[in-house]
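Produce the entire structure from the sequences given, and follow the hints as far as they go.
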Amino acid sequence: GNSVTQMEGPVTLSEEAFLTINCTYTATGYPSLFWYVQYPGEGLQLLLKATKADDKGSNKGFEATYRKETTSFHLEKGSVQVSDSAVYFCALITGNQFYFGTGTSLTVIP
Amino acid sequence: DVKVTQSSRYLVKRTGEKVFLECVQDMDHENMFWYRQDPGLGLRLIYFSYDVKMKEKGDIPEGYSVSREKKERFSLILESASTNQTSMYLCASRRSLGGKNIQYFGAGTRLSVL
Chain A
7 GNSVTQMEGP
17 VTLSEEAFLT
27 INCTYTATGY
37 PSLFWYVQYP
47 GEGLQLLLKA
57 TKADDKGSNK
67 GFEATYRKET
77 TSFHLEKGSV
87 QVSDSAVYFC
97 ALITGNQFYF
107 GTGTSLTVIP
Chain B
621 DVKVTQSSRY
631 LVKRTGEKVF
641 LECVQDMDHE
651 NMFWYRQDPG
661 LGLRLIYFSY
671 DVKMKEKGDI
681 PEGYSVSREK
691 KERFSLILES
701 ASTNQTSMYL
711 CASRRSLGGK
721 NIQYFGAGTR
731 LSVL
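Here the protein sequences line up with chains A and B, keeping their order.
The numbering of the first sequence is our numbering, which starts it at 7 and goes up by one.
The numbering of the second sequence is our numbering, which starts it at 621 and goes up by one.
No lab work stands behind these hints: they were computed from the structure.
Where hints are given, some of them may not hold.
Okay, derived cross-link-like pairs now, DSBU-like style, lysine-lysine, Cα gap no bigger than 35 angstroms in a straight line [said to hold, decoys possible]: (1) A:83 - A:62; (2) A:66 - B:691; (3) B:633 - A:58; (4) A:66 - B:720; (5) B:691 - B:677; (6) B:633 - A:66; (7) A:74 - B:638; (8) B:675 - B:720; (9) A:74 - B:690; (10) A:62 - B:720; (11) A:58 - B:623; (12) B:638 - B:623; (13) A:58 - B:720; (14) B:623 - B:673; (15) B:677 - A:58; (16) A:62 - B:677; (17) B:675 - A:83; (18) B:720 - A:83; (19) B:720 - B:677; (20) B:623 - A:62; (21) B:690 - B:623; (22) B:623 - B:675; (23) A:58 - B:638; (24) B:638 - A:66; (25) A:74 - B:623; (26) A:74 - B:677.
Restraint ranges, calculated between C-beta atoms of paired labels, are given here [to be verified]: (27) A:65 - B:664: 39 to 49 angstroms; (28) B:664 - A:64: 26 to 36 angstroms; (29) A:113 - B:722: 23 to 33 angstroms; (30) B:661 - A:20: 45 to 55 angstroms; (31) A:32 - B:625: 33 to 43 angstroms; (32) B:681 - A:115: 11 to 21 angstroms.
Being a predicted model, the structure only gives us computed values, none of them experimental.
Every residue, glycine too, gets a C-beta built ideally from N, C-alpha and C.
Structure (structure tokens):
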């Protein structure tokens, strides 16, 4: 079946630290991959996406590369800020159905 | 700008009440979705709709129903609310074709059933 597995949180980092949130997937066909972010009290917003193998999605200093050989789409940022504190969801779409990971909570402390 | 609007941010209801959660999108999207979000469980799909008057069960439809009388509006109905339906409810919409598969979300409705 189709599924997304992401690292469990919560993750707490100091400002300017390096961030990695791991995401692996299982899917039939050729999925597109996404990272969504949910800031406190809000809905989910698209952060970045990649539609095929070796594509790199990037936005707001965050990056993720679609790795078909390892079925992974890890989220990275070189220097996090307090304003990056949020819950991050990895997701894929295959067929016409979205599948979400359980979310990883990130807190960045000054 | 793309917009998915949920009518209430917070709701408090009593056990046994009938509850309506409303969602409106202004993007002329064919597909609309209702999820609930619970700690440790992520997003779980309740119901979705591919077009007006069409509905499909998601992963956890029990205790819920939906209505899609107009393309822009998708309502989630709790026929008789129970305490285990206390949750955050998220509405989303997506274009069927040519929309780059991006799903847009509303801000969520936090429902408490007492």
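Going through the hints against the structure:
1. A:83 - A:62: Since the Cα atoms of residue 83 (chain A) and residue 62 (chain A) sit roughly 13 angstroms apart, the hinted pair holds (cutoff 35 angstroms).
2. A:66 - B:691: holds (33 angstroms)
3. B:633 - A:58: It is violated: about 45 angstroms lies between the C-alpha atoms, which goes past 35 angstroms.
4. A:66 - B:720: OK: residue 66 (chain A) and residue 720 (chain B) at ~20 angstroms, within 35 angstroms.
5. B:691 - B:677: Answer holds: residue 691 (chain B) to residue 677 (chain B) is near 18 angstroms, not above 35 angstroms.
6. B:633 - A:66: Status violated; Cα separation ~39 angstroms.
7. A:74 - B:638: It is violated: about 46 angstroms lies between the C-alpha atoms, which goes past 35 angstroms.
8. B:675 - B:720: holds (23 angstroms)
9. A:74 - B:690: With a Cα-Cα distance of about 40 angstroms, the restraint between residue 74 (chain A) and residue 690 (chain B) is violated, given a limit of 35 angstroms.
10. A:62 - B:720: holds (16 angstroms)
11. A:58 - B:623: Holds: residue 58 (chain A) and residue 623 (chain B) sit about 27 angstroms apart, inside 35 angstroms.
12. B:638 - B:623: holds (27 angstroms)
13. A:58 - B:720: holds (12 angstroms)
14. B:623 - B:673: holds (21 angstroms)
15. B:677 - A:58: holds (29 angstroms)
16. A:62 - B:677: This hinted pair holds, its Cα atoms lying about 34 angstroms apart.
17. B:675 - A:83: Roughly 39 angstroms separates the two Cα atoms, so the pair is violated.
18. B:720 - A:83: holds (24 angstroms)
19. B:720 - B:677: Holds, at about 24 angstroms.
20. B:623 - A:62: holds (27 angstroms)
21. B:690 - B:623: Holds, at about 16 angstroms.
22. B:623 - B:675: Holds, at about 22 angstroms.
23. A:58 - B:638: violated (44 angstroms)
24. B:638 - A:66: violated (42 angstroms)
25. A:74 - B:623: holds (33 angstroms)
26. A:74 - B:677: OK: residue 74 (chain A) and residue 677 (chain B) at ~31 angstroms, within 35 angstroms.
27. A:65 - B:664: 39 to 49 angstroms: violated (26 angstroms)
28. B:664 - A:64: 26 to 36 angstroms: Taking Cβ atoms as reference, residue 664 (chain B) and residue 64 (chain A) lie about 29 angstroms apart, which means the hint holds.
29. A:113 - B:722: 23 to 33 angstroms: holds (27 angstroms)
30. B:661 - A:20: 45 to 55 angstroms: violated (29 angstroms)
31. A:32 - B:625: 33 to 43 angstroms: holds (34 angstroms)
32. B:681 - A:115: 11 to 21 angstroms: Violated: the Cβ-Cβ distance is about 41 angstroms, outside 11 to 21 angstroms.
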